[in-house]
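Protein sequences, first through last, are from chains X and F. Counting from 1, position 34 in the first sequence corresponds to residue 34 in our numbering; the numbering is continuous, with no gaps. Counting from 1, position 57 in the second sequence corresponds to residue 57 in our numbering; the numbering is continuous, with no gaps.
These are computed hints drawn from the structure, not numbers from a lab. Among these hints, one or two may not hold up.
Claimed, not checked - For lysine-lysine, the following BS3-like pairs were computed, each having C-alpha atoms within a straight-line distance of at most 30 Å:
{"hint": "1", "chain 1": "X", "residue 1": "Lys70", "chain 2": "X", "residue 2": "Lys11"}
{"hint": "2", "chain 1": "F", "residue 1": "Lys56", "chain 2": "F", "residue 2": "Lys42"}
{"hint": "3", "chain 1": "F", "residue 1": "Lys110", "chain 2": "F", "residue 2": "Lys56"}
{"hint": "4", "chain 1": "X", "residue 1": "Lys57", "chain 2": "F", "residue 2": "Lys42"}
{"hint": "5", "chain 1": "F", "residue 1": "Lys42", "chain 2": "F", "residue 2": "Lys110"}
{"hint": "6", "chain 1": "X", "residue 1": "Lys70", "chain 2": "F", "residue 2": "Lys42"}
{"hint": "7", "chain 1": "X", "residue 1": "Lys11", "chain 2": "X", "residue 2": "Lys57"}
{"hint": "8", "chain 1": "X", "residue 1": "Lys57", "chain 2": "X", "residue 2": "Lys70"}
{"hint": "9", "chain 1": "F", "residue 1": "Lys42", "chain 2": "X", "residue 2": "Lys11"}
Unchecked claim - Simulated coverage check for chain F against chain X, where a stretch passes if three residues somewhere in it have a Cβ under 8 Å from a Cβ of chain X:
{"hint": "10", "region": "45–57"}
{"hint": "11", "region": "82–93"}
{"hint": "12", "region": "96–106"}
By construction, the Cβ of each residue, glycine as well, lies at the ideal position given by its N, Cα and C atoms.
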Amino acid sequence: DAGITQSPRYKITETGRQVTLMCHQTWSHSYMFWYRQDLGHGLRLIYYSAAADITDKGEVPDGYVVSRSKTENFPLTLESATRSQTSVYFCASMQDSYGYTFGSGTRLTVV
Amino acid sequence: QKEVEQNSGPLSVPEGAIASLNCTYSDRGSQSFFWYRQYSGKSPELIMSIYSNGDKEDGRFTAQLNKASQYVSLLIRDSQPSDSATYLCAVFNNAGNMLTFGGGTRLMVKP
Chain X
1 DAGITQSPRY KITETGRQVT LMCHQTWSHS YMFWYRQDLG HGLRLIYYSA
51 AADITDKGEV PDGYVVSRSK TENFPLTLES ATRSQTSVYF CASMQDSYGY
101 TFGSGTRLTV V
Chain F
1 QKEVEQNSGP LSVPEGAIAS LNCTYSDRGS QSFFWYRQYS GKSPELIMSI
51 YSNGDKEDGR FTAQLNKASQ YVSLLIRDSQ PSDSATYLCA VFNNAGNMLT
101 FGGGTRLMVK P
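With the rest of the complex left out, here is chain F:
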């Protein structure tokens, strides 16, 4: 079993809709969680971090964390075609010095 799991997609949503991206992880001791966005042919860029249970909002993005269920999600409100990318979930190891990445979910926002 992979340590960080994501549905590879593609997840297709219409413009203006809410896109919901999910991630599960296996290490119960994980404390820090990140979402990266990667456009085709580009490098991953950090868009959200979350450390505590609950929701964290930043503009149109909301990260949700449930440590009991070992589940992290990213909601993108009012999705735009420019949000079309692959979204990578990443989790720090117990030592807090290395990220483990999920395989990524490809999001397609259709005009």
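In isolation and in its complexed conformation, chain X is listed as follows:
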């Protein structure tokens, strides 16, 4: 199916564990983004990528790692999960300046 998909939809993990959130888009959009959304903070940019092998930090990158070896995939890894990383994570993609299309989100709980 065409579009942008995130997996898993829901994830519960323990403090200190590594967890990877997946994002896949079928449009070959150049730009991809990772946001977290928390009550009271709105959408905050974690990392973004302008193209394969080009990534850059956003507003809240600490504790997260990204890679983009292929245009269509942009995984987000929490190296050692903390309770403060409990959040809803959204991946988005963009081509040119037509605005973002968001994935359906991953609700992550760190216990």
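Given chain X's structure and the hints, the job is docking chain F onto it.
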């Protein structure tokens, strides 16, 4: 000061009324503006974009832009209970490669 400001609401309007959602931004160089709708538990979806001063209409939605006043608004005519959601204002940065989001306004349309 946040770069994109919205009143968090909730804004409560009766069914059939006009809902007016407002947004101000700080970067005078911004050229592209977007409104996203986000239902509870869902991802943001793009509903309007506007690039020039004035009004842009799409069905029951009208986006208004005043670059001199650094002000963007969204009017929803004949509001329906199904319009109840959080509305996010988003503005492109000068490079046109990244959106900055406001905190969102929660709209409640009462039958």
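Evaluated hints:
1. This hinted pair checks out: X:Lys70 and X:Lys11 have alpha carbons roughly 24 Å apart, not beyond 30 Å.
2. The hinted pair formed by F:Lys56 and F:Lys42 meets the criterion: a straight-line CA distance of about 26 Å does not exceed 30 Å.
3. Of the supplied pair hints, the one linking F:Lys110 and F:Lys56 holds, its CA atoms being roughly 26 Å apart against a limit of 30 Å.
4. Simply put, X:Lys57 and F:Lys42 have alpha-carbon atoms about 25 Å apart, close enough for the 30 Å limit, and the pair holds.
5. Restraint check for F:Lys42 and F:Lys110: satisfied, since their Cα atoms lie roughly 21 Å apart, inside the 30 Å limit.
6. About 27 Å separates the Cα atoms of X:Lys70 and F:Lys42, which keeps this hinted pair within 30 Å; it holds.
7. A threshold of 30 Å between alpha carbons decides the hint, and for X:Lys11 with X:Lys57 the separation of about 24 Å falls inside it, so the pair holds.
8. For the given pair, X:Lys57 sits about 18 Å from X:Lys70 by alpha-carbon distance, which is consistent with the 30 Å threshold.
9. The straight-line distance between the Cα atoms of F:Lys42 and X:Lys11 is roughly 16 Å, inside the 30 Å bound, and the hint therefore holds.
10. Coverage of the region 45–57 of chain F by chain X holds. Counting CB-CB distances below 8 Å, 3 residues qualify, and the rule asks for three or more.
11. Counting residues of the region 82–93 of chain F whose CB lies closer than 8 Å to any CB of chain X gives 3, which reaches the minimum of 3, so the coverage claim holds.
12. With 8 residues having a Cβ less than 8 Å from any Cβ of chain X, the region 96–106 of chain F passes the three-residue criterion, so the hint holds.
Violated hints: none; the structure is consistent with every hint.
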